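Chain by chain, the residues:
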Amino acid sequence: MRVTLWGTRGSIPSAGPETVRYGGNTACVEVRAGDGSLLVLDAGSGIRRLGTALAGQGRRIDLLLSHLHMDHVQGLGFFAPFFERGAEVHLWGPSSTDQRMRERLSRYLSPPLFPVRIRDLPCALSIHGLTEEPFDLGPFRVTAGLICHPGGTLGYRIEEGGRVLAYLPDHEPALGVKAFPGEPEWTSGYDLARGADVLIHDAQYTDAEYPEHEGWGHSATSHTLAMASLCGVGRLVTFHHDPSHGDDALDAMHAEACGAELPFTVVPGCEGLSFDV
Amino acid sequence: MQPFRGGGGARHNARAMAQQAIELILLRQWASYLTIPVMLVDREGVLLFYNEAAEKVLGQRFEDVDDLRAESLAELFQLRHEDGRRLTPEEHPLGVALHERRPSHLRMRLRALDGSWRLIESTAMPVEAQGTRHLGAFAMFWEVPGP
Ligand SMILES: [Zn+2]
Ligand SMILES: [Zn+2]
Chain X
1 MRVTLWGTRG
11 SIPSAGPETV
21 RYGGNTACVE
31 VRAGDGSLLV
41 LDAGSGIRRL
51 GTALAGQGRR
61 IDLLLSHLHM
71 DHVQGLGFFA
81 PFFERGAEVH
91 LWGPSSTDQR
101 MRERLSRYLS
111 PPLFPVRIRD
121 LPCALSIHGL
131 TEEPFDLGPF
141 RVTAGLICHP
151 GGTLGYRIEE
161 GGRVLAYLPD
171 HEPALGVKAF
181 PGEPEWTSGY
191 DLARGADVLI
201 HDAQYTDAEY
211 PEHEGWGHSA
221 TSHTLAMASL
231 CGVGRLVTFH
241 HDPSHGDDAL
251 DAMHAEACGA
261 ELPFTVVPGC
271 EGLSFDV
Chain P
278 MQPFRGGGGA
288 RHNARAMAQQ
298 AIELILLRQW
308 ASYLTIPVML
318 VDREGVLLFY
328 NEAAEKVLGQ
338 RFEDVDDLRA
348 ESLAELFQLR
358 HEDGRRLTPE
368 EHPLGVALHE
378 RRPSHLRMRL
388 RALDGSWRLI
398 ESTAMPVEAQ
408 GTRHLGAFAM
418 FWEVPGP
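The listed protein sequences correspond, in order, to chains X and P. Under our numbering, think of the first position of the first sequence as 1, with each following residue one higher. Under our numbering, think of the first position of the second sequence as 278, with each following residue one higher.
Do not rely on the hints blindly, as some may be mistaken.
[Unchecked claim] One side only, chain X facing chain P, incomplete, derived with CB under 8 Å:
#, residue
1, T131
2, E185
3, D191
[To be verified] Some, not all, of what chain P presents toward chain X, calculated at C-beta under 10 Å:
#, residue
4, Q296
5, Q297
6, I299
7, L301
8, R305
9, Q407
10, G408
Source of the hints: derived by calculation from the structure; they are not laboratory data. These figures come from a predicted structure and were not determined experimentally. Just so it is clear, CB atoms sit at the ideal spot from N, CA and C, and this is done for glycine as well.
Whenever a hint applies, use it, and build me the whole structure from the sequences.
Okay, here's the thing in structure tokens:
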């Protein structure tokens, strides 16, 4: 699998001179199989540039949403394939029925928040609500699982060619856990991330910032590291950077994370980064 | 059908190696902060957790339940109606919540593991989650002060 990060920022797009290296676009990740099959994870503002890069490729696009918070769907209305007649786009997300996903999305994709309605999009769009049963999308085996984050949020485990990518962009597994990490059986997201070659995981706060934000659905650096360690992952990619963290602050967080002896590699989740799983 | 079995089976069956559903994880975390007794069972009725407040009423640390090869906690605690009649597993609020998938409430007596009889009230709820998943049930119970 080839993975490209089109947006790694959390909460709100944060463009500015202080975020040029890590990037200011919100969550969007491209996953390519060896045969060119494409999965897109989340539709934050980063999806706009991905959409431009995909223009005219004519390939089926499966877009998996982790949840419907604004920073994960705000790019939908600016995703070029939606406006291409003949493009086939499948939108997957957390819901018990297709109808509910469509209704919830149309709260954003309709006036007055957005001028175009979902039904008016010229592409061939199918909207699917996901359950926790694994399913196949071309060469990918996809497992979605509900994880600890407000409002019904999915993490994803994506397997292809014997390799595993886990994507848990908004995740607070340490919420209410007296000594994190506890047992795997009682750890949110464990089954999704277990033994993953690459784990893309929420790393929003420093440990000092976390107590002020407990219950907001995100992780402190030490939680992210502990989660990766508990799950025995090969590489950890930090993700969902706090809008208030400029490049220098993120460098410092990364340096601190790597200060300890870790059984995995930590890769700072910079917008534009591309790597093989 | 038993409303619950002892923890021993749960710890040793393969399914318990996997991660629990997020709803059960959050319930357990929440319960661990409460000072009102809470007990949580999975959909097969296997005991998953009870909190410190429940330990006080039951006279047994949750961690020690492993050692009890209990066929059923209902047996173990000799659950009875207020008037002393034996309580069948189907009558217990957790049993009702689990099998009938509705809330249930009852006043009853149990024999704590320290040998004392206690009058308690218990309210149980099924854990019904998104995607029409029936995950188990939990009971909140409390000791009724003696006369
Ligand atoms: Zn987010
Ligand atoms: Zn979120």
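Hints, one by one, checked against the model:
1. T131: OK, holds: X:T131 within 8 Å of chain P, min 5 Å.
2. E185: Interface hint status for X:E185: holds (6 Å vs cutoff 8 Å).
3. D191: At about 4 Å, which falls below the 8 Å cut-off, the nearest Cβ of chain P leaves the hint on X:D191 intact, so it holds.
4. Q296: holds, 4 Å
5. Q297: Status holds, d = 6 Å.
6. I299: The hint holds - P:I299 has a Cβ within 10 Å of chain X, the shortest such distance being about 5 Å.
7. L301: Given a least distance of 8 Å, the restraint on P:L301 holds.
8. R305: Holds, about 6 Å.
9. Q407: Holds: closest Cβ of chain X sits about 5 Å from P:Q407, inside 10 Å.
10. G408: With a closest approach of 5 Å, the P:G408 hint holds.
Hint check: no violations occur; every hint is consistent with the structure.
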